[in-house]
Each structure stands twice: as C-alpha cells, then as structure tokens.
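As a plain string of letters, each chain reads:
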Amino acid sequence: MQGETVFKDYPAIDAITKKYDEQKEFLICILQDLQARYGYLPKEALNRVAEKLDIPLIQIYSVATFFKAFSLRPKGGHTIHVCLGTACHVRGAERVLSKIKRDLEIDVDETTKDMNFTLKTVNCLGACALGPIVEIDGKCHGHMTTNKVESVLKKHSSNIKG
Amino acid sequence: MEKIKSTNELAKIRKSIQNKKDKEKSVISICAGTGCRASGSETVIDAFKEEIKFLGLQNKVKVKVTGCHGFCEKGPIVVIHSGDIFYKNVEKDDILEIVSETIIGGKIIDRLLYVDPKTGKKIVKESDVPFYSKQERIILGNNGNIDPTDIEDYIAIEGYSALAKALFNMKPEKVIDKVKKSGLRGRGGGGFPTGKKWDYCRQAEGSPKYVICNADEGDPGAYMDRSLLEGNPHSVIEGMIIGAYAIGSNQGYVYVRNEYPLAVKHLEIAIQQAEKYGFLGKNILNSGFGFTIKISRGGGAFVCGESTALMASLEGKPGEPRSKYVHTVERGLWNKPTTLNNVETWANIPIIIKKGANWYSQIGTENSKGTKIFSLVGNINNTGLVEVPMGMKLRDIVYDIGGGIPDKGEFKAVQIGGPSGACLPASLLDTEVDFDSLDEAGAMMGSGGLVVMNDSTCMVDTARFFTDFSVDESCGKCVPCRVGMKVMLNILNRIVIGKGEMEDIERLERLGQHIKETSHCGLGKTAPNPVLSTIRYFRQEYEAHIQEKRCPALVCVDLIQFRVIPEKCKMCGLCKNVCPAEAITWEKKAPAAINPEKCIRCRSCIQACKFGAIE
Numbered sequence: 076m077q078g079e080t081v082f083k084d085y086p087a088i089d090a091i092t093k094k095y096d097e098q099k100e101f102l103i104c105i106l107q108d109l110q111a112r113y114g115y116l117p118k119e120a121l122n123r124v125a126e127k128l129d130i131p132l133i134q135i136y137s138v139a140t141f142f143k144a145f146s147l148r149p150k151g152g153h154t155i156h157v158c159l160g161t162a163c164h165v166r167g168a169e170r171v172l173s174k175i176k177r178d179l180e181i182d183v184d185e186t187t188k189d190m191n192f193t194l195k196t197v198n199c200l201g202a203c204a205l206g207p208i209v210e211i212d213g214k215c216h217g218h219m220t221t222n223k224v225e226s227v228l229k230k231h232s233s234n235i236k237g
Numbered sequence: 063m064e065k066i067k068s069t070n071e072l073a074k075i076r077k078s079i080q081n082k083k084d085k086e087k088s089v090i091s092i093c094a095g096t097g098c099r100a101s102g103s104e105t106v107i108d109a110f111k112e113e114i115k116f117l118g119l120q121n122k123v124k125v126k127v128t129g130c131h132g133f134c135e136k137g138p139i140v141v142i143h144s145g146d147i148f149y150k151n152v153e154k155d156d157i158l159e160i161v162s163e164t165i166i167g168g169k170i171i172d173r174l175l176y177v178d179p180k181t182g183k184k185i186v187k188e189s190d191v192p193f194y195s196k197q198e199r200i201i202l203g204n205n206g207n208i209d210p211t212d213i214e215d216y217i218a219i220e221g222y223s224a225l226a227k228a229l230f231n232m233k234p235e236k237v238i239d240k241v242k243k244s245g246l247r248g249r250g251g252g253g254f255p256t257g258k259k260w261d262y263c264r265q266a267e268g269s270p271k272y273v274i275c276n277a278d279e280g281d282p283g284a285y286m287d288r289s290l291l292e293g294n295p296h297s298v299i300e301g302m303i304i305g306a307y308a309i310g311s312n313q314g315y316v317y318v319r320n321e322y323p324l325a326v327k328h329l330e331i332a333i334q335q336a337e338k339y340g341f342l343g344k345n346i347l348n349s350g351f352g353f354t355i356k357i358s359r360g361g362g363a364f365v366c367g368e369s370t371a372l373m374a375s376l377e378g379k380p381g382e383p384r385s386k387y388v389h390t391v392e393r394g395l396w397n398k399p400t401t402l403n404n405v406e407t408w409a410n411i412p413i414i415i416k417k418g419a420n421w422y423s424q425i426g427t428e429n430s431k432g433t434k435i436f437s438l439v440g441n442i443n444n445t446g447l448v449e450v451p452m453g454m455k456l457r458d459i460v461y462d463i464g465g466g467i468p469d470k471g472e473f474k475a476v477q478i479g480g481p482s483g484a485c486l487p488a489s490l491l492d493t494e495v496d497f498d499s500l501d502e503a504g505a506m507m508g509s510g511g512l513v514v515m516n517d518s519t520c521m522v523d524t525a526r527f528f529t530d531f532s533v534d535e536s537c538g539k540c541v542p543c544r545v546g547m548k549v550m551l552n553i554l555n556r557i558v559i560g561k562g563e564m565e566d567i568e569r570l571e572r573l574g575q576h577i578k579e580t581s582h583c584g585l586g587k588t589a590p591n592p593v594l595s596t597i598r599y600f601r602q603e604y605e606a607h608i609q610e611k612r613c614p615a616l617v618c619v620d621l622i623q624f625r626v627i628p629e630k631c632k633m634c635g636l637c638k639n640v641c642p643a644e645a646i647t648w649e650k651k652a653p654a655a656i657n658p659e660k661c662i663r664c665r666s667c668i669q670a671c672k673f674g675a676i677e
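Residue numbers (the numbering used here), protein chains in the order written: chain G, 76 to 237; chain P, 63 to 677.
Pulled out of the complex, with its shape left as it was, chain G reads as follows:
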C-alpha cells in the first residue's frame, strides 16, 4: 500500500482512529498503526488524524519526528534493522552493518534504488544472547557474521522476484 492508493484510504484511517476512541492520548498508537499499514506516514493520513482527534497538525508532526519508529518517507519492500546494542556491538555488529551498507550500496536510513530494502539501525532488539542480530521484516537472524550477510539478503531479494 503505497503512493496513490493512500488518498482514497480515509475509511481505513477513520477505522484506526476509531479503534482508539479518537482519544488524543493514543496518538502514538494511531501513528504506529498507520506506519504498519503504509510503511510510512503519508501526509494526507496525518491531516485526517489531526481532524479526527481535533489537534493541530504541528503536534502530530512533533510526535512523528521525535520517535524513531516513524518515517515520513516511503520505505522499501523489506526493512532491515541492524541491532547496534551493546551486546551486539561487542560481538562485531559494526562490521556486519558496514558489510550490508557495501552490499546494498546505501547508507543507514536510506532505501535501495529498486525499493527492495530500507536499512535502519536500532539500539537494542532485546535478543542480546544471540548477537549480533539483524532483523528483516520482523524476523530475527542471530549470530550474524559478515560472511552470512549475503545469503540472508539474497533470501529476501529472491522473495520479491519469485
């Protein structure tokens, strides 16, 4: 769900705000649901939420830009989270990250040209015992090494083509 479909998607946005009784205290939860649906926060959706919750749009933007979980730009088909928490760090997460950056030819917070991958870092995924952790679309890959990066990435590129 990306691009133009969003503009017609008001019923879904209304359903989301309704789920939280249009209470402004649940703004973060509402934005999370939008983020999960579209992969980012479309401008039109935020306008609608502002209307529904009866709060200024700027308040929504201040929340949307404060928290890491939100993105105002569309994301790629797969989102990669490289954990850079302490436990992963001491086991070589930086090297895994630079390998992924090299392989995909993008930097952190960027999306590959073919819109297949978006690369993100996270400060802890809470699966520290298995570090370094790379999470792709919510699935954890533990004990990552630079040598394993290629095969893990490949699995996801073929998913799209096949």
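Honestly, the hints are just simulated from the structure, not real lab data.
The structure presented is a predicted model; accordingly, all values stated were derived computationally and were not measured.
We put the beta carbon where it would ideally sit given N, CA and C, even for glycine.
Take these hints with a grain of salt, some might be off.
[Claimed, not checked] Some chain G residues near chain P, calculated using beta-carbon distances under 7 Å:
#1 Lys99
#2 Glu100
#3 Leu102
#4 Cys104
#5 Ala144
#6 Ser146
#7 Gly152
#8 His153
#9 Val165
#10 Ala204
#11 Cys215
#12 His218
[As the list claims (entries may be wrong)] Pairs of lysine-lysine, DSS-like flavour, derived with a Cα cap of 30 Å:
#13 Lys344(P) / Lys94(G)
#14 Lys356(P) / Lys127(G)
#15 Lys214(G) / Lys115(P)
[What the hints assert, rightly or not] Which bits of chain P does chain G cover? Going by a derived footprint, with three or more residues having C-beta under 8 Å, they are:
#16 280 to 287
#17 352 to 364
#18 403 to 410
#19 524 to 534
#20 541 to 554
For this one, chain G is given, so just place chain P on it according to the hints.
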C-alpha cells in the same frame, strides 16, 4: 466463564484446574521466548504437536509453549516433565526420537543433554545445570512452568491469591506497610524504595490517581522486562492491581516498547483473560474495588524510560522530560498523582504479599533486598537471563553462572547499567552487586544489563559507542546533554582516529562532571558515566591511543593495519576472493599481500583465512 466472585470461588477453581493438570501424565515444555524463537523453536513446537497428534497422545501428553527459560545460548530449550529432563539446542529432526524414546520409552537421549564444560559431565535435570543451580529464581522461575497465554496455568501456581489476600484481608495502608518492610527498591535503575513511593502517592491530593508499568526497556543489552512480559504477564498485572488498591487508583497503563511485539501480544491476551475471570474491571472479585489496564506502545525513544518523558508520551506528546521538583507521585500523568514502577518491581509485589515481608527481606543485603534479574550477554559462554540474590559477587555471576569467557579470551571488563552505567575492570570483580556497592564503584544497577567484554574490546571505542548512543537519544531539551555530550563525542572521535591530545582526557573528565551536575533528567545526569568510568579504570588505553597512536585491542580502524604472515600463508587465495575492497594481491604459489591504502579493515579476510595467517 463466570466472573470469580470471592476468595472461596477462586480456591475452588484453582483446585479443579490442578486436578485437571494432575491427569496429564507428561508435559513437554518448549521455550518460545524471543531468543529461542530466533533459534527456531517455532518449528520445533509445530513438529511436537504434529507428532503427538499423529500418535493420538493428545490426552496424555501436553505440549506447553512457555516463555523464556533464561538459558538463551542453548536454545531452543525443551524440558520434559515429569523428570525435569533438560534438552538443549533441540532441532526439528530430534522430535520423533524425543517422543518415542523419552516420552514413551522413558529413556534419556544422551546427545541432547547439557554438558558441564568444567567437569565434562552430562547433566539430566534442568535444576542441576550449573547455570541454573547458582541462581535464585523467585521471579523468573515460573516462566518455564506456565503457558503465558493461559490464565489457568497462572492460577494453578497460586496466581492471584496474593490479590485476593490483599483485597479481603488487608487494608491499603497495610499493603503499603508490608512493601515498605520488605525493603523492595525500584528495579528500573534508580532504586527508590517502592513502599515509600506508594505511600507518598496515596497521601497526595488529587484524583483520579494513576498506576503505570514502565516497560520501555531501552537499555541496550537488557531484556529481562521483555522476558517477564512475554513469559509471565499475569505476575506483572497482579502486582499492578495490588499497587492500585494500595494507593487508591482505578486506572493503569503499561507503556511497552513497540520493538517487543510478542510482549504486547501476550500482555493483551493476559489482560483480556484477567477481565474475563474478574481480576480486572469493575468490582474485582466482588470486593467493590475496580481497576482497568490500558496498553500504550512506545515510539522508540530511549528517553521515554525516564518517568516524566514516559508520561508526556502517554499523553500523546513528544517524550521530553520535565523537572522533578514537583514529584510525579503528586503530579504525574495528566498532572494527577501517579505511581510508576518498572516491570520487574511489579512482578515482585505478589510474592511479597504472599510470602511476607520477613521472608522477602531475608534475601539480599542490608540495604538491597530480594533478587535482581540480569541479562548476561557479550563475550561470555552462557548468555541468557540470570536471577540472583542481591549482593552476589560479580565474579560468581561471570564465572560460576556465566561459565567464563569463550575461546580462551581474557576477561577485560563488565559493563553494567547500560548507557548510564560503567565499565568495571577485573580488579573490581569482587564487587557485590547491590545498589550501594555499585554506586561506590562509579557504576549503577541500571535496569540490569551485564555486558561482558574480553580483551578484544577497546574501552575507548566502548566509551565512544555509548556516547554516540546518548547523543543519538538525547531529546535535546537541555543544553548540557544536547551540546555537552556532542562535544564529548567529538573529542572521543578525535582520539580513536589518532588525533587526540593528552589534555583531552582532562577535558572529558571536566565536561563529564559538568554534564552530570547540570543536566535536566536522568539521561543527561548519567550519560557521561561510561566515559568517566573508562578513564578511571582504563586510562592507559586512552594514553595509548593519544601518545602512541595505537589501539591495544586492535579495534579502532584508523590505528590498525592488517598484514599477511608469509610463514603461515598456504597461498590458497581465499582472502583475495572475499576482500570487498580489492586490497589483496595474490598469485598462485606466492603468499598474499595486503595493500594498506586500499584495505578498509573489514576483517573479512581474517574470518575467511583458515590458517590464521592474517593479523
């Protein structure tokens, strides 16, 4: 299901659940905590269910999907009851054998047993594994015995009996008194006495009052709160209801990280079930007291673990902290009296009410009572969650429970307390782990991450790593934290590329002290700790980086160069193939060579070389 309306009814229902469970001859309990899931426990669970169904054993054998057992390193973990048989690293292919040999045949499969690396002996029972036997698992222990999505499992192990006791046999003041006497201190890091906090909140003017569970576990390297919510959510809920009764609140919130989807899911299920059984909602157990819990998911900001930032975020605002000259127990959420406690703190409450303050206060040291859960991670053999009595020595945790450092590495430091904590060197391994001793050593309990570091960890790089983290997570509200940490980071960045000056060490110390004294909230007040503690205990490493332009641990990429050892090189060419920078030249029958100008120090060649010929 009718709502339970009295203590007697609760006891009756418990009895009938227990009777039903006694009839189950065998229980296969499989860990489905996040760690084991990442190691593939879900396929193991499906395979077990399928096989039991295929053999028509559904009525005799129960497949129980539990929360985290703690020993994540050896996952997926399977424990067979009765017999407490502990199988580690179980794979899908082992299932048929386990069912036919162990469940039906009663025989033990040798190769799946845990081998004690010290003695080389195989260990059958979970409780005999040294990783567990040195622990005191009063909070975490039930994780392995219950299905977190089934409230009956929790009721069967005396769950919600503490709630019934508090509601019907104790006045709110008595509950607070008991928590005070137990000596429980907040497990989120600060260590404020819980009973005292409740008392202030009860006496504060204003209504309604709120109760919050802080499950925004942002400390990198700590995941005990996650495992508690995933593995035993009812214990946290029961604690919250008792707390709400004590301070006089009818509305609670759990603020949980969105990065923990499984914890959110289990919590949602648990709250629904508790409502259905009459433990939550209006008129709980027909006592006249009512309480509801809402879940709020965090947006991924470390600072929201700070109480006032968390409350701002709960109100739907950006998570910026405010000054605390007016305490949150007086004016917290929506400016009303609010009690906020950490997940682990709440999970301690039912035990204190059930077993009594005297029993509880016998565990631990004089000023730090009870147990603490640590996540033992990093360069250590037995990674996982450990629960130990307060006052245990760091050495015992690292060596007896953690099994020491892998691959013949040397212990270098243990990082405790996350980005607010400190790195303690080997000479402080005999420090007792309690609030006061850690404070003295310049560290803090934090939420309980213990990251062990071996001799290939650079302490300057570690300090830089944490400073980078704090700069990234600073909300930007106050100057010392926003600007000061950035300046510290710049200095550290200079040092790790070999451009530091000796004066930089003193600059860091002075600036760090200022930031600690003048920052607005707990994040800034503690953010310089990693730098200050590494200077205090590992000054020589800073000096090596600055004076000799050398990184002793060979981590800082600008200060190291790799080379091929010609005597060890077998001329296979593997290194050339893996090098992403084309920095390796190799021709048949000649040792490879690395061009230092092209080399990006990614270590791919070191990992690829089977002969250890690159250093």
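| task | Quick one: which hint numbers does this structure break? Sort them smallest to largest. | result | Hints 6, 7, 8, 12, 18, 20 not satisfied by this model.
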